[in-house]
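Model the full assembly from the supplied sequences, consistent with the hints where possible.
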Amino acid sequence: MFMFEKAIEGGRRYWVWILCLMGIILAGFLCYLRQLTYGLGITGLSRDVTWGLYIAQFTFFVGVAASAVMVVLPYYLHDYKQFGRITILGEFLAVGAVTMCMLFIFVDMGQPTRVLNVMRYPTPWSLMFWDMVSLSGYLVLNALISLVMLSSERQGVSPPKWIRPIIILSIPWAVSIHTVTAFLYSGLPGRTFWMSAVLAPRFLASAFAAGPALLILLCLVLRKVAGFDAGREAIHQLGIIVTYAMVVNVFLVGMEFFTAFYSRIPEHLEHFRYVFLGLDGNYHLAPWMWLSALLALAALALLLVPGWRNNPRLLPVACVFVFVSLWLDKGLGLIVGGFTPSPFGVVTTYTPTWPEATIALGVWGIGALIITVLYKIALSVREAH
Amino acid sequence: MKLTRKDFLRLSGLGLLAVAGKKAVRAITEAAPSATAPKKTKQWGMVIDLAKCRQEAGCTDCIKACNTAHNIPQIQDPAREIKWIWNQPFETVFPLLKTDFTKQAYTGHPITVLCNHCANPPCVRVCPTQATWKREDDGIVMMDWHRCIGCRYCMAACPYGSRSFNWQDPRPAIASFNPDFPTRTKGVVEKCNFCEERLARGKRPACVEACPEKTMIFGDLLDPDSEPRQLLRTRFALQREPELGTSPSVYYLV
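Line order of the protein sequences matches chains A and B.
For the first sequence, position 368 matches number 368 in the working numbering, and the numbering has no gaps at all.
For the second sequence, position 158 matches number 158 in the working numbering, and the numbering has no gaps at all.
Check before you lean on any hint, since a few could be wrong.
[Said to hold, decoys possible] Quick list of the computed label-pair ranges, beta carbon to beta carbon:
1) A/258 - B/136: 40 to 48 Å
2) A/223 - B/146: 50 to 58 Å
3) B/26 - A/259: 35 to 43 Å
4) A/278 - B/146: 40 to 48 Å
5) A/258 - B/52: 43 to 51 Å
6) A/78 - B/79: 46 to 54 Å
Hint data in this document are derived by calculation from the structure and do not stem from the laboratory.
All C-beta atoms in this analysis are idealised placements derived from N, C-alpha and C, irrespective of residue type, glycine included.
Right, dumping it as C-alpha cells:
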C-alpha cells in the first residue's frame, strides 16, 4: 500500500547515496546514545543560552515544511496546472521536514522518555502543546494527501472526492504550524529580541523563501540524477515566489532594525548589537550574521533581475544563497540572539560541540533519507505511466 | 424508519464530536488552572532589606543554607551551575536604575536574587506538561521533577534567570547530602521552591533562618498584618522588572 517496493529498486548511485545517509544517521544515533547517558551537557548549551542548534533547526525546518503550501495553494485552489508535476514533491518535502522538526525537539529534551506527558496532561495555554498538536496534524495531513494522490496516479484513476477538503485544510494548517512556532518566541515577556509583532510574519516570509528555494534545488538535482523534468514554467514560477518572499522577509527584518535602532531603547538594542557588532569583546556571532546579510542581498540581486533569475546557472546559486542566508539568520542569529545578553546582561558564547553537531547531522540524514525514499517512490510511479 | 448502520455510525460520530468540542472549548476558555479552584488564602512573599544585608563583607549564609537543605550540586562551570539563590551586582538586577550619576551609591552592593514566585508567572504559562504550576492555596510556584520533560521552555520564559537545568547527573557534585530532601536527575529544570517542605512543617525558609542580620522577612503578602506587609507600608520597595506584568512576590527595600 505504501509502494515501498518502489524504493528498493534503484541503481548504484541511489544505493551509494542511501548508504552514505545511513552512515551519517548511525553516527548521529551513536552520539545521541552518549547524550542520553551523560545528559545535555555534551552540547554547547549553558544556563544562559538554553536553546541552540537543535531548536534552531526545528524552527528553520518548520518553515520549510510550511512552504509546501506555496505549491499546493496555486495548484489545488487556483488550478495552476503548471505545478502539477511538483505538488507531490512539495508534500513529500513537508513530510520529511516535519519529521525532522519532531526529531529535533525530541533530541533537545532533557527527559525524552517523558515526551508523552505533553499528551497526557494537555495544556491549552501553553504554545508548546499546540506546537505538538499542529506538527503531528500536519504530518498526518501531508502523509495522507500525498499517499492518496500518488496511489490514484499509480492506479490511473482520479483521486477520491473526500481528499479535496483535506487538501484545502492543509493550506491554513501550513500557515498555522509556523505561526504557532513564532508564538513560542513572540509571547515571552523577558526576551525583547523575540517580542515583536512581526516575528510570525517574518517566519512565514522566510519560510516561503527558503522552502521553495530548496524545492527548486531538489528539482534540479532530480533532473540530473533521475531525468525528472519539473517543467520550465514551474521552476520559473517557484523562482518568482522565492523572490517575492525574500523581498518581504528582508523588508520585515529591516523593520525590526528600525524600531530597535531608532527608538534607542537599550533593552532592544543590545541584542541587535550583540548579534551584529558583538558585546563586551564578544564577536562570536557577528561574522555569521554579516555573511547572512551579504548572502541575502546577493540573492536578492540575482532574483530581482529576470534575466538572472531565469538563467539556469544563476538560479541555483540564488537558491543556495537564500537557503544558507535564512538558515544562518533564523537558526543561529534568532535563537542565540534572543538569549544573549542574559537577563543579567551577561554574554555567554554558544558554540555547538562536535557530538551536538553530529546529532543534528543525523537528523538531517533521516530527513534526507525520508525525502529520498519518498521521491524515489513518486518518480517510479510517474515513470510507470 | 429503519436505522441503517451508516446512519448509526454517522450519528455516533457527530455525538462524539459534540462532546469533544464542548470539552475542548471549556479547556481553552478556562485559561488558567485556577479557573474553578477555591480562592487563594495565602501568597507567600519575601521582603529583602538591602540596607541590612552584609554581603559586602562576603557573607553567603543564606546561599549555603539553601544549598545544603536542597542537595544543590556544587558545579564550578558557570555555564552548567545550579543555583536557587545567589548574589548579583546591583546594576545587573536593576539595570534601569543605573545611571552615570547614581552609580556611586550602589556600586559594589550585591543583591540576593531568587525565584520571585510571581503572581502572574510566565514560566507556568508556557510549561507544556504543567510540571511547574502556581499552587492554589499559598501561591508558591512549584516544580514536579517527575513530570518535567526538560524542554527548558520555562527557562526561556523566565525574565529573571531564576531557573537552572541539570545538564548532567547532579548527584556526584552534591557536597553534603540531606536525606530529607530529594535529589534530582539529569534533564530536569529546578529553582527555588520557597522551602515548601519546611513551610509544611511550620518552619521558615532556610535562607530566611540562616541570615545573621534577619534581612529576609518572609510572610503572607495577602495578610495586611504580616511582617512583609508592614514593612512595605513604611519603606520604599522595588520589584524586579515590574513593567513585565509578572507581579513578583519578592520585594527589595533599598
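Check each numbered hint from earlier against the structure, then list the numbers of those it violates in ascending order. none
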